[in-house]
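There are 2 protein chains.
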Amino acid sequence: MTGVSIREVGPRDGLQNEEPVPAEAKIQLLDALSRTGVARIEAVSFVHPKAIPQMADADEVWAKAWRNPDVRYSALIPNSRGAQRALAAGFREIEVVVSASDTHNRRNLNRSTEESLDDIAQLIPLVHGAGATLEVIVATSFGCPFEGDIDPDRVAGIVARVRADGADRIAFGDTTGMATPRRVRDLLTAVRPDLLHFHNTRGTGLANILTAMDLGVTEFDASVGGLGGCPYAPGASGNVATEEVVHMLHDMGIDTGIDLDALLEAAVLAERLVGRPLPSGVLRAGPRTRLSAL
Amino acid sequence: MTGVSIREVGPRDGLQNEEPVPAEAKIQLLDALSRTGVARIEAVSFVHPKAIPQMADADEVWAKAWRNPDVRYSALIPNSRGAQRALAAGFREIEVVVSASDTHNRRNLNRSTEESLDDIAQLIPLVHGAGATLEVIVATSFGCPFEGDIDPDRVAGIVARVRADGADRIAFGDTTGMATPRRVRDLLTAVRPDLLHFHNTRGTGLANILTAMDLGVTEFDASVGGLGGCPYAPGASGNVATEEVVHMLHDMGIDTGIDLDALLEAAVLAERLVGRPLPSGVLRAGPRTRLSAL
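Protein sequences, first through last, are from chains A and B. Just so we're aligned, residue 1 is where the first sequence starts under the UniProt record's numbering, counting upward by one. Just so we're aligned, residue 1 is where the second sequence starts under the UniProt record's numbering, counting upward by one.
For the record, the hints were derived by calculation from the structure and aren't laboratory data. In this text the structure is predicted, and so the values were computed from the model without any measurement. You may find that some hints are simply not true.
Chain A regions said to be covered by chain B (calculated; three or more residues, Cβ under 8 Å) [to be verified]: (1) 163-173; (2) 197-210; (3) 276-283.
Listing some non-contacts, in silico: residues in chain A with all C-beta distances to chain B over 12 Å [stated by the list, open to error]: (4) P22; (5) I52; (6) A56; (7) E115; (8) G148; (9) R154; (10) D214; (11) G216.
Where is the CB? At the ideal position from N, CA and C, for every residue including glycine.
Between the sequences and the hints, there should be enough to build the whole structure, so can you do that?
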């Protein structure tokens, strides 16, 4: 393997799970990330402002952010109304979430997994009709905080259904950090996604990525600074930190296209914007190549 | 691989890198850890109290701690004076450190690596004469914060020297968290230790352990709660947290002999004793098998 593609999710998934910050801060962060060399950025979500106030200004943020022609930007949407907003705003890469756990899906989306799959089947022609692509993110793929382990066959069934309905890409989400190297191997042996989204809640983030790479996966989500952990649990971390992923990969001689120094500058900015220490070890300690003065 | 042996280093390596705590607190922690099923515990170090005030009460702590006959306890010593104290206190497993980096060895021990190796050659008959064993911990094996990368051949040379001098066991220490899966593979391909000691400074702790296991290593140090991070750098972590290691291994069906619940109780105690949140994700979030109520 010579290259890995990172999708930076800090501006959307990260900031959506922090205390709200102003539109100007989001634009600053997006612009800083657009300068890092990262291939893809999940920029905003088009959700109901009452459900997720952190993303109420998605239209404004996206209208004012710099769009680097070398970066692919995507938006997350919950339903056809969100899809219409995202398409009107100019997005050509759209993501939608369905949970492998029926219990989690009901609590998160207020309907069964099966009902969400029916909704997605209707969304796909709408998105395709506008010349855009739809990625389906299968949440709780590695375990559900309510149901526990999720049978890989259940995830495989969901993948087969949405692929048959025309989904362009599949991601597996480790929604509450229950993935481990063993679970990654078990699931990926049963069914292969295009992209993986890991959390580092229980310390396994990089070990999971290493395991998935060993099985041939080359696309991963990561969040600058580890943005998106719950600020009320000190030390608790959500998304795997982009710097930690890039630091490990570059040391292995695997290219990401990302300039680690520029990424670290964006992480410093992210930390300042949310006003709390972020969990990224590479942000805290610096890369292993940054030596101490004698 | 069906089993991995963990050496718990929280009472020594962990507490030595925290603000000093009273002897009573150290005894409480040792006793709690002795009840977890862990195979080995690094209990104390016999160092000069002016150099390391955190360990000034090593004799008192060790005299009063419960000694579980199923646990192997060890002590770290810096020189023959320390070895004599450790042997007089009844230890039969002794550890000594030498740094692969000459610069680091000079700053840490005020002499060259070569001079430290000469000291160790003289220590070995002293330790063996008392019926004890000596483990040599090669610090900065995966990189030095002053010199940068360390040539695996240099580490291999040190190992050959101390083995020829009669050292019983060899450990490689990732002193400042510079190990990565790539560096683990590079070094272990050149020379194999009995035991590995990783930090999680840059997020690679569990990925390093996974890589080393893949290369056949079955003994690892870990510190309860991740005890031993620098308290002045929020989120920065030192030793890999024992709960995170055990949590990943048990999920893989690999036995450690450790009762994770008992270990988590010890981690809660450790956190209370040092009075700051420890960096362990499994301590914070609980094991992946601990489900949320609906």
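Evaluated hints:
1. 163-173: violated (count 0)
2. 197-210: The restraint on the segment 197-210 of chain A holds, since 10 of its residues have a Cβ under 8 Å from chain B and three suffice.
3. 276-283: n = 6 at 8 Å, threshold three: holds.
4. P22: 24 Å, holds
5. I52: Given that every Cβ of chain B is farther than 12 Å from that of I52 of chain A, nearest at about 21 Å, it holds.
6. A56: 28 Å, holds
7. E115: 19 Å, holds
8. G148: 6 Å, violated
9. R154: Correct as stated: the minimum Cβ-Cβ distance to chain B is 17 Å, above 12 Å.
10. D214: 9 Å, violated
11. G216: Correct as stated: the minimum Cβ-Cβ distance to chain B is 17 Å, above 12 Å.
Checked against the numbered hints listed earlier, the structure breaks hints 1, 8 and 10; every other hint is satisfied.
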